[in-house]
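Residues per chain, in single letters:
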Amino acid sequence: MKKTHIIAIIIMALAIGFMITSVSDSSSYADFEEAFDNPEKEYHVVGVLDKTADIVYNPEVDPNLTVFTMIDNNGEKKTVNLYKSKPQDFERSESVVLIGQAHEGEFHATEMLMKCPSKYKEEGKFDIEETASR
Amino acid sequence: MTYIGEHPFVGQLGDTLMIVSIVAALLAMVSYILAHRSGEDWYRKLGRAAFTVHSFALVGGAVTLFCMLFNQYFEYDYVWKHANKNMPLRYIFSCFWEGKEGSFILWSFWHVVLGNVLMRTAKSWENLTMVVLAAMQVFLGAMVLGVYIFDLKVGSSPFTLIRELPENVGLPWTTMPDYLERIPTFQNGRGLNPLLQNYWMTIHPPTLFLGYASTIIPFAFALAGLWSGKLKEWIRPAIPWAFFSVSVLGIGILMGGAWAYEALSFGGFWAWDPVENASLIPWLTIVGAAHVMVVNKRKNKSLYTVLFLTLITYALVWYASFLVHSGVLGDTSVHSFTGDGSMRQHLTILLTISVVSVTSLLIDRNLRLLFLGASAFLLIVGLATDHEIATIVAYLGMAIALLLVAYKKIFPKPDTEEPLWSREFWIFIGALVLLLSGVQIALETSKPIWNILAEPFAQPLMSLADLTGIDGLRALAEGKLAPHSDRIQHFNKWQIPFAFIITFIVGFGQFLRYGKNQFGAFVKKLSLSLLVSLAITIAWAVKLEFYGKEYLYGVLLFTCIFAVVANIDFLIRVLRGKWKVAGASVAHVGFAMVMLGALISTGRSDKISENGSRFDIASLNEDFKNNEDILLFIEDTVPMGPYYVSYNGRSKEGVNVYYEVDYFERVPRTYKMGDRVISRGAIFTANQDHTPGPDFIIDQAKWDLVEDPREIDVESLKRWSPYKAGEHLFTLHPRIQLNPEFGNVAEPSTKRYWSHDIYTHVRWAELEVDSDATGFRTGIEVKLAVGDTGFVGTTMVRLNELSLLKTEEEREKFMVAENDLAVRALIGVKDGKGNVYEVEPLYILRDSVLPIPDPVIQDELGLRFNFSEIDPSTGKHTFTIAEHVSNRKEFIVLQAIQFPMINILWIGCIVMFIGTVMAIAHRIRESKRIASNGRN
Numbered sequence: 001m002k003k004t005h006i007i008a009i010i011i012m013a014l015a016i017g018f019m020i021t022s023v024s025d026s027s028s029y030a031d032f033e034e035a036f037d038n039p040e041k042e043y044h045v046v047g048v049l050d051k052t053a054d055i056v057y058n059p060e061v062d063p064n065l066t067v068f069t070m071i072d073n074n075g076e077k078k079t080v081n082l083y084k085s086k087p088q089d090f091e092r093s094e095s096v097v098l099i100g101q102a103h104e105g106e107f108h109a110t111e112m113l114m115k116c117p118s119k120y121k122e123e124g125k126f127d128i129e130e131t132a133s134r
Numbered sequence: 001m002t003y004i005g006e007h008p009f010v011g012q013l014g015d016t017l018m019i020v021s022i023v024a025a026l027l028a029m030v031s032y033i034l035a036h037r038s039g040e041d042w043y044r045k046l047g048r049a050a051f052t053v054h055s056f057a058l059v060g061g062a063v064t065l066f067c068m069l070f071n072q073y074f075e076y077d078y079v080w081k082h083a084n085k086n087m088p089l090r091y092i093f094s095c096f097w098e099g100k101e102g103s104f105i106l107w108s109f110w111h112v113v114l115g116n117v118l119m120r121t122a123k124s125w126e127n128l129t130m131v132v133l134a135a136m137q138v139f140l141g142a143m144v145l146g147v148y149i150f151d152l153k154v155g156s157s158p159f160t161l162i163r164e165l166p167e168n169v170g171l172p173w174t175t176m177p178d179y180l181e182r183i184p185t186f187q188n189g190r191g192l193n194p195l196l197q198n199y200w201m202t203i204h205p206p207t208l209f210l211g212y213a214s215t216i217i218p219f220a221f222a223l224a225g226l227w228s229g230k231l232k233e234w235i236r237p238a239i240p241w242a243f244f245s246v247s248v249l250g251i252g253i254l255m256g257g258a259w260a261y262e263a264l265s266f267g268g269f270w271a272w273d274p275v276e277n278a279s280l281i282p283w284l285t286i287v288g289a290a291h292v293m294v295v296n297k298r299k300n301k302s303l304y305t306v307l308f309l310t311l312i313t314y315a316l317v318w319y320a321s322f323l324v325h326s327g328v329l330g331d332t333s334v335h336s337f338t339g340d341g342s343m344r345q346h347l348t349i350l351l352t353i354s355v356v357s358v359t360s361l362l363i364d365r366n367l368r369l370l371f372l373g374a375s376a377f378l379l380i381v382g383l384a385t386d387h388e389i390a391t392i393v394a395y396l397g398m399a400i401a402l403l404l405v406a407y408k409k410i411f412p413k414p415d416t417e418e419p420l421w422s423r424e425f426w427i428f429i430g431a432l433v434l435l436l437s438g439v440q441i442a443l444e445t446s447k448p449i450w451n452i453l454a455e456p457f458a459q460p461l462m463s464l465a466d467l468t469g470i471d472g473l474r475a476l477a478e479g480k481l482a483p484h485s486d487r488i489q490h491f492n493k494w495q496i497p498f499a500f501i502i503t504f505i506v507g508f509g510q511f512l513r514y515g516k517n518q519f520g521a522f523v524k525k526l527s528l529s530l531l532v533s534l535a536i537t538i539a540w541a542v543k544l545e546f547y548g549k550e551y552l553y554g555v556l557l558f559t560c561i562f563a564v565v566a567n568i569d570f571l572i573r574v575l576r577g578k579w580k581v582a583g584a585s586v587a588h589v590g591f592a593m594v595m596l597g598a599l600i601s602t603g604r605s606d607k608i609s610e611n612g613s614r615f616d617i618a619s620l621n622e623d624f625k626n627n628e629d630i631l632l633f634i635e636d637t638v639p640m641g642p643y644y645v646s647y648n649g650r651s652k653e654g655v656n657v658y659y660e661v662d663y664f665e666r667v668p669r670t671y672k673m674g675d676r677v678i679s680r681g682a683i684f685t686a687n688q689d690h691t692p693g694p695d696f697i698i699d700q701a702k703w704d705l706v707e708d709p710r711e712i713d714v715e716s717l718k719r720w721s722p723y724k725a726g727e728h729l730f731t732l733h734p735r736i737q738l739n740p741e742f743g744n745v746a747e748p749s750t751k752r753y754w755s756h757d758i759y760t761h762v763r764w765a766e767l768e769v770d771s772d773a774t775g776f777r778t779g780i781e782v783k784l785a786v787g788d789t790g791f792v793g794t795t796m797v798r799l800n801e802l803s804l805l806k807t808e809e810e811r812e813k814f815m816v817a818e819n820d821l822a823v824r825a826l827i828g829v830k831d832g833k834g835n836v837y838e839v840e841p842l843y844i845l846r847d848s849v850l851p852i853p854d855p856v857i858q859d860e861l862g863l864r865f866n867f868s869e870i871d872p873s874t875g876k877h878t879f880t881i882a883e884h885v886s887n888r889k890e891f892i893v894l895q896a897i898q899f900p901m902i903n904i905l906w907i908g909c910i911v912m913f914i915g916t917v918m919a920i921a922h923r924i925r926e927s928k929r930i931a932s933n934g935r936n
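Note that the protein sequences, when read in sequence, are chains A and B.
Position one of the first sequence corresponds to residue 1 (the working numbering), numbered consecutively onward.
Position one of the second sequence corresponds to residue 1 (the working numbering), numbered consecutively onward.
Chain A on its own, in the form it takes in the complex:
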């Protein structure tokens, strides 16, 4: 019976290992306030693109830098440096999730998830007003 016990112990240890690393290795969702209170710490920040502000993408200068303004869920605006090329249809995005950290008054994102209306799913409802005016 020893062998089964050893296996059981290994499995238990692994399962606990999963749980602990899964929790302790996690990033967490935050708003800008929290991210800027803890600079240099990695966060996921959810918000929307500020469409009134400029999206600066100068590929001639740097094809891997896009600078824009995001409004988080509390309405706070921050300048964001995204170290990627400007995503297709960025202007159309409905909400964005930034993965990165705050540094000297600006947010620096290495990764961004973007949601476009009806890009992957049938979210766009049939709207007679909108479609008729097209």
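Wrong hints could be hidden among the right ones.
[Said to hold, decoys possible] Some, not all, of what chain B presents toward chain A, calculated at C-beta under 8 Å:
hint, residue
1, 40
2, 420
3, 432
4, 436
5, 447
6, 472
7, 475
8, 485
9, 490
10, 764
Derived from the structure by calculation, the hints contain no laboratory data.
Positions of the beta carbon are idealized from the N, C-alpha and C atoms, including for glycine.
Given the coordinates of chain A, assemble chain B onto it according to the supplied hints.
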């Protein structure tokens, strides 16, 4: 009132057929239950008849939906959303299953196909297995029912007219008899998402759904076994079905990978995206289940594991559907699924599956009653109070606890110690590792669910967080736990060791007999494979640099190669080419090749475009050095990785814009005396003919610094490089698909060599130049006080002077009207080459109120100046400066990735598929032989 041009009959037919199919499935279920209870053949016949009616009705419903799409009846919501006139006809199937309703009908359709096979082949197992299948058809049918039971909406029907949608009912246009003609929207549908207009979308979903659907059959057999008390006999007929699921689901998942690789710009075939993970987890458990089934048939071992893995596979299939459709993944997936209102129904199905599975698996009557009673109590508490989540957690905890009790009580372990070196032991270990691998993926993918489940325990979790100082716990307590920031690396960290164990077992497993093996003899049999694979591994590991810090890759490389070699060895030396029984070995070779190809192609994928940035961001962390994309001006040839590339322009075909990118060989070059280059931001002239060394510093003596670069046309100079472009190798055409409705989509283009792929896609391109009729772009506003300088691109502007036009002479020169107030700005302009110009835009105010635009165009620079505002209060005046489109050369931003050895992966897929088909055929032959022997 009749509506002109509407086809209401089709929709009514569709809805009626769906209702008939559900009623018939319900009847089939009840009949089969009665047939099992009474043992009377009459009920069984009724059950069969009902299932046949159900089959016809469901297939009829599917055909109806297909006809609606084919004939483009845009008055139907589903047709309008998923089809349109401009779309090629070959994508009509993709339209069918693009939406939730269509995909559920597809799923249900496969159940019908499989159910009809099962009904004819299951023999004594027919009654109970068909009960499960018919019951599931009722649930699936309800998903596309679209009726209201009191206030609760059950399902959503694809046969609903747009004017009948709840949000449209009562709107004025719905009362117009000729609304279809009058409203232009109805002339054409929204159409298929361009991402899905791809042949993979025609074959990937049906294969994946066949895989999902097929898992119900082992599930039904397991339940039938538990209900009838034949705890073990169900396994033999279920084995071919289990391997069928392994094969089809596996191929379905890999097809998804192939689609992502070929058509989506995710930069690879597997990204550990939640949606991919959701389909992988049930595959891992069904692979475990199928293998332990084989063990159990031979050695009567691990029965509880067989039952558990089979049952949980089906629950996980529905969990996958739940994750995808309920919207809980929300912010964690690029697929960005939004909730589609089927959350409650999914929860109901999941709950039903879990209650039925756990109750059945408890076996002991008292335990079953205890579980059912407690579940019912929790359900009532959950529904009556607002502690829903707490009751779900309590339910899960109770189910796990009771399953452990049942395991101890009903499945006593044999007293004898199992031999360590036996096939059954290592298959069991393999199944456990697969399960653990699945659990790890499931836990990580389900982070959003953790947040939900942790909600009632926020207080204790917070205290625990304060106690242990783990930030993650605090995030969990606040419901803000997010996925790991570097998802791929995190998954690889965990999954590589699992893959290592699995491939190693796959390698040596076949060499072990059932029962006790002599360790020495076993190692002797393996020694050839071990030595051969070690030699290959060393050669490859050196070439691929899989050592040092990346030793884990090296170790996995060894086990993968070992698994391939050992199974081929087994085929040759042990089976001696007896192909009839070789299915398992062939499938294992294929599986190991998939792992090998995945390891090398992702472990050594190389972003060869990674050198484009000229901007120093080293002031930040190393993490932000993310220069993965390269900028290509039209007709420039620039070095990129081991190639030279040039962008030659674009062409438009239909909705696609193709970008022509040429790849050239990189060859060594020589410099002649007098050649000029740029290096380290300065200009140099060669003082002798020479062949450059690997670095500029080494050659420094052969170059003279150009002190005064003013006379030189800087833009025509090239960077120093020891290489130049050689022979043209190939041309790629990555494209951007234009779609105003869904947004534009980039699709990669890939050059395939036997040893590696070069995958190229356009990351950014200026699709429409926003210029006015005169060819100028939208201007940039520059605010300048006198003496200030500003920049427009590389051009420097300086406001030298402001003056009011006073004299008659001046006013005449600038043709200013009598009542105009005119201010002249004197602007000095210096372009990138150092040329200096002067422009004099005017600010004209007519009748003291109306500013008159007076643009000044500087032709040499291609710039247009507009003096747009005077602000005496700050002294900063606004100039709008616009560039002519011809000023800037067209360019694209490109990403190119080299994937080495990815073909091993694709070949492995095919080999694995062939192997599983062979194994299934063998099992079916064996079953038939046993059955016919039994009869004789």
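For each hint, the structure was consulted:
Taking 8 Å as the C-beta contact cut-off toward chain A, the hint placing residue 40(B) at the interface is violated, the least distance being around 45 Å. Annotation: residue 420(B) was flagged as interfacial toward chain A, and the flag holds, the nearest CB pair being 7 Å apart, inside 8 Å. With 8 Å as the threshold, the beta carbon of residue 432(B) comes within range of chain A, its nearest partner Cβ sitting at about 7 Å, so the hint holds. Annotation: interface hint on residue 436(B) holds; nearest CB of chain A at approximately 6 Å, less than 8 Å.
This hint holds: residue 447(B) has a C-beta 7 Å from the nearest C-beta of chain A, less than the 8 Å allowed. Of the supplied interface hints, the one on residue 472(B) holds, with its beta-carbon coming within about 4 Å of a beta-carbon of chain A, less than 8 Å. For residue 475(B), the suggested interface contact is upheld, since its CB lies about 3 Å from the closest CB of chain A, less than 8 Å. A hinted interface residue such as residue 485(B) counts as satisfied when its beta carbon comes closer than 8 Å to some beta carbon of chain A; here the least separation is about 5 Å, so the hint holds.
Given hint, residue 490(B) at the interface with chain A, holds; its Cβ is 6 Å from that chain's nearest Cβ, closer than 8 Å. Using the Cβ-Cβ criterion of 8 Å, the hint placing residue 764(B) at the interface with chain A is satisfied: the shortest such distance is roughly 5 Å.
The earlier numbered hint that this structure contradicts is number 1, and it is the only one.
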